[in-house]
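> Residues per chain are reported as follows:
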Amino acid sequence: MIKLKTPQAGTALYGATITLLCAWVLVPIFLVALGAFGGRPAVYQWPKSLWPASLSFNQLAIFLQIDGVWNAALSSIIAASLTMLFSLALGAPAGYALARFSFRGAFVFRLMILLTRAFPLAILALPLTVLFIRAGLYDTALGVSLVHTALALPFAVMVTASLFAGIPRELEEAAWVFGCTRWQAVRKIVLPLALPGMVASAIFAFVISWNEVFAASVLTVQHRTLTAYLLTVLSESPLHYRFAGGFILIVPSIVFIFAVRRYLFALWGVTNR
Amino acid sequence: MAAILIDHVSKSFGASVALAHLDLTVADGEFVALLGPSGCGKTTLLRIIAGLESKSSGRIVIGDRDVSDLPPAQRGLAMVFQNYAVFPHMTVFENVAFGLRMQKADEAHIRKQVMRASDLLQITPYLDRYPAKLSGGQRQRVAVARALAVEPAVLLMDEPLSNLDALLRLEMRAELKSVLKEAGTTTLYVTHDQTEAMGLADRIAVMNKGVIEQIDTPTVVYSKPASLFVGGFVGSPPMNFIRLQASDGTSNYSGDLKFPITSSTVLGFRGEDVTLVESGQGFEFHINVIEPMGSHLLLTGKINGQRVRVSAAPDTRFEAGMRCGVVVQPHRCVVMDSETGKVLRDAG
Numbered sequence: 004m005i006k007l008k009t010p011q012a013g014t015a016l017y018g019a020t021i022t023l024l025c026a027w028v029l030v031p032i033f034l035v036a037l038g039a040f041g042g043r044p045a046v047y048q049w050p051k052s053l054w055p056a057s058l059s060f061n062q063l064a065i066f067l068q069i070d071g072v073w074n075a076a077l078s079s080i081i082a083a084s085l086t087m088l089f090s091l092a093l094g095a096p097a098g099y100a101l102a103r104f105s106f107r108g109a110f111v112f113r114l115m116i117l118l119t120r121a122f123p124l125a126i127l128a129l130p131l132t133v134l135f136i137r138a139g140l141y142d143t144a145l146g147v148s149l150v151h152t153a154l155a156l157p158f159a160v161m162v163t164a165s166l167f168a169g170i171p172r173e174l175e176e177a178a179w180v181f182g183c184t185r186w187q188a189v190r191k192i193v194l195p196l197a198l199p200g201m202v203a204s205a206i207f208a209f210v211i212s213w214n215e216v217f218a219a220s221v222l223t224v225q226h227r228t229l230t231a232y233l234l235t236v237l238s239e240s241p242l243h244y245r246f247a248g249g250f251i252l253i254v255p256s257i258v259f260i261f262a263v264r265r266y267l268f269a270l271w272g273v274t275n276r
Numbered sequence: 006m007a008a009i010l011i012d013h014v015s016k017s018f019g020a021s022v023a024l025a026h027l028d029l030t031v032a033d034g035e036f037v038a039l040l041g042p043s044g045c046g047k048t049t050l051l052r053i054i055a056g057l058e059s060k061s062s063g064r065i066v067i068g069d070r071d072v073s074d075l076p077p078a079q080r081g082l083a084m085v086f087q088n089y090a091v092f093p094h095m096t097v098f099e100n101v102a103f104g105l106r107m108q109k110a111d112e113a114h115i116r117k118q119v120m121r122a123s124d125l126l127q128i129t130p131y132l133d134r135y136p137a138k139l140s141g142g143q144r145q146r147v148a149v150a151r152a153l154a155v156e157p158a159v160l161l162m163d164e165p166l167s168n169l170d171a172l173l174r175l176e177m178r179a180e181l182k183s184v185l186k187e188a189g190t191t192t193l194y195v196t197h198d199q200t201e202a203m204g205l206a207d208r209i210a211v212m213n214k215g216v217i218e219q220i221d222t223p224t225v226v227y228s229k230p231a232s233l234f235v236g237g238f239v240g241s242p243p244m245n246f247i248r249l250q251a252s253d254g255t256s257n258y259s260g261d262l263k264f265p266i267t268s269s270t271v272l273g274f275r276g277e278d279v280t281l282v283e284s285g286q287g288f289e290f291h292i293n294v295i296e297p298m299g300s301h302l303l304l305t306g307k308i309n310g311q312r313v314r315v316s317a318a319p320d321t322r323f324e325a326g327m328r329c330g331v332v333v334q335p336h337r338c339v340v341m342d343s344e345t346g347k348v349l350r351d352a353g
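Protein sequences, first through last, are from chains D and R. Under our numbering, the very last position in the first sequence is 276; numbers go up by exactly one each time. Under our numbering, the very last position in the second sequence is 353; numbers go up by exactly one each time.
One chain only, chain R, in its complex shape (with noise of 0.2 Å):
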């Protein structure tokens, strides 16, 4: 078990810039995901923690051990490739085997380490199998065993999830989640996927452009989002974001807002943490189209002709071209710079 610490990590290849300064701290036994859309630096990130891909500039830590300049053998660590890497001339047995035979383990102590891990993520019965005789989510669990079987001090996860179908997705990630926590190891896991990240890790931080934008807990990257860019990318439906005017007064919130609204000021709220109520409070809203979600009703309309979406109980009735009153709640709510796109300050 080991914390890592990336320090000023940069990466480019040739004049674009992959990674600008970053800064990571994952504490031992945490479970911290890397979030981002494709091409935001993460994988970069995680193959330069492995020792895969060089970096330009910085350091990386493991434990103490600062291991910037060890070959990826050396750093301690296992990982498990997104399309698996399993290798297909080795049994299931050999594959999980695999790490301990390059530490020249003794026999005994790799036959305890490959059941406990197989047991572990219930491949057992295939342990002789080849892994072309296996499913998708078998091979993805011999994958997890045999980062698991080394006990290694940090894992790393690279979309570990991302091959497997929707229902087995889910499915897995539950058991992931247990199965790491019982064995307590240090992970940083990358994923596109904002459910996969929020129901899995300890800590988000939520990448773009590479660099992070917020490192918190799921619930705050949720509902307190740092910046325009992590309140558009987390959460389905996105967080809306509205421009005020400087005719929006007092009486739009339930609460009293004091801070000064400027050309580029914008209110960013989630569409659950709103009241709706008769029309002439509050923001007026133009209901344009009604989703019935089960759970609730999705309602997009707009807002001073700014598109927004938020959700009703699902036993209230609404038509489109209704109007309404949106009244949002002082203390679920954040107020960005639109130019900066980094939040001014909480409005709770």
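This is chain D alone, in the form it adopts within the complex (with noise of 0.2 Å):
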């Protein structure tokens, strides 16, 4: 245990602690945008100018005119979508049940749940190409966000689970009794409480599906998931190119999740409760 001796000595460790989270995040965003804009010198440039000698948009450009990029983040957009309805759509469900009812075996589900991530993707990659293939899924955006779902899933199980316990019971009791039944509680009364958690979940779900890389790259040939085709049209780039490419992936994640943050705090009060 380390005491504090004074007040500012507890501020300064404060501060100090902001600031190194602050820049776990934002230097690395700051060095992929800088390599993005300021080309070919601002990437070998040693040491690192706060800002490039010449900011162009040169590299981005070319980057979205490389054949492909727009079908590839058309297919990432639609597998991130499906991702994001499947996970709430299985998961939501399974939670609320995790919340309200007891039921046997609820804690082994919850472990079964958690132990779905135990399996690592690159050992399921071959018997799940070749299931695909049968399937008539494999390069398909559905296909990939199939996988997707499997990886999100748990999360959106957990989030959502906790979500709901945290909504009191008797909420949903008063609504039986003024006249809803069980759905009908749940669609006006739950629902609209736990939505906050539940778009912080789905945006989850979304990066989730975004981010992933390797499944995407598996199960896909021609349809490729914009990370997957950067992986493979990037790798022969020049470096200030894949800065290019990596900005432009970091973008999505970054607004998508500035767009929704007001759901993520407090709405109706409900955080206080």
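Honestly, the hints are just simulated from the structure, not real lab data.
List of simulated lysine-lysine pairs, DSS-like, C-alpha gap at most 27 Å: (1) Lys182(R) x Lys229(R); (2) Lys191(D) x Lys117(R); (3) Lys229(R) x Lys214(R); (4) Lys229(R) x Lys307(R); (5) Lys117(R) x Lys138(R); (6) Lys214(R) x Lys347(R); (7) Lys186(R) x Lys117(R); (8) Lys191(D) x Lys138(R); (9) Lys109(R) x Lys191(D).
With the hints in hand, could you dock these two chains into one complex?
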């Protein structure tokens, strides 16, 4: 245990921690952006300057003109959206069941959900490929999204379970007493209250899918997702183009989280509960 | 408006019995309080009536409908929850209107009912606010208004005042009584607070360990308890119980008490129902503690080594260590059997 002697020391430590955490997130993004906009000189220059000598959108423009980038981006968006949809559609009911019903094997069920993350994707890749070819899912955004759903589902279940558990049971009971069926009570009371958390969990699923590269690379050939596509295309490109590609990969995640950030914070004062 | 009939309802959780073959009738328009210590099954009974909890056996009839197997929505009742359960994502207006909206009432009717209920509970100024902006007392009013707006046949209340501070509770109690009187709704009210039950209810059902020990008007429950438990639970201070001895003759009482005194005969009397006399008459009372309560003096002491609390006029002079005689009014006491815990017969 570190014992703080003065309030100033506490404030300093607090400030330092915040700075460190911000740097942890911002420095890599800054370096990627520097490479993407500064072009070749910015990538190889050392020490790095805070602002590139020549700012240009050339790399980004050229990158966006690469054949198939737009199609790959579209595939990525479709796969990520489907992942978001599936993981919530399957995860939220499971989370609700875990939160509201005490049933035999609830604990084992919880454990099994987490255990799905214990299988390395590399081991599953070959059987999945064979299975997907047979089922006609190979090289489709749907196929990729199914695998990504498997990755995102444990989080969706756990997050929504704690979300639903945090909504007082009495609210639902009151809804029943005042004329709701179980489903109506969920739709009118539980879902609106759980919305902020559900959105957060949806974003999480989206980002998991958007960033995933291994399964996407193995399971697609023509219709690659953006990450998988960039991996193949950019491996032979100059470094600053790779930075441009990386930047384009980061942007949607950041924009998405910014767009819905208010849902992540207090809504109707629910977080004060 | 409807009567409630609880017919032989039982509930057990695994091996433990929460309710044992319970019978209770609440007349149309009557206000009955279920009073008992925590864990006595009163909330379980209320939740079974509401349909929120399943029963193990028995039957619930509301009006002339057997609702035993109906979901809560179809039982035609309203409920006020202990923590109010006001929907945080709806305005006060929408909260109060909720039940009516579920009934698909038309907009004009909803508006009229909401206005009526909110006027009654004085929450009209807050109709546009969200519950997060309301105080506990205001939320409680919203919960009651929501229940009254649907004009339920039966109103169930689960310790609705227990989350309020003492002063607000007193105020809300009186308001609740007048509001419910006006609405004329059949009400079943769960509480562990005996003053609440005494003040509000037409009849009190005192529950203990899953059975109703006594159901009667507040006055009778207070002065003529049917069991040791009821006498000890209702009233503050609780009823005095002293074990009689064969040597205690009729001289201890101001009248004739003709009952056989056995080793398990217990005499129960309220502290304010005695006459204090000179030492040598009545029961010999050793005073240990004197507490001036303003309206009276509370004397704590012993009769035959058994603790007794009696009250005396505020201007009388007593000192700790004094002795005096206690004479019990024959028509104001009960005789119990300590083995069964039940009343033997009224002494009066």
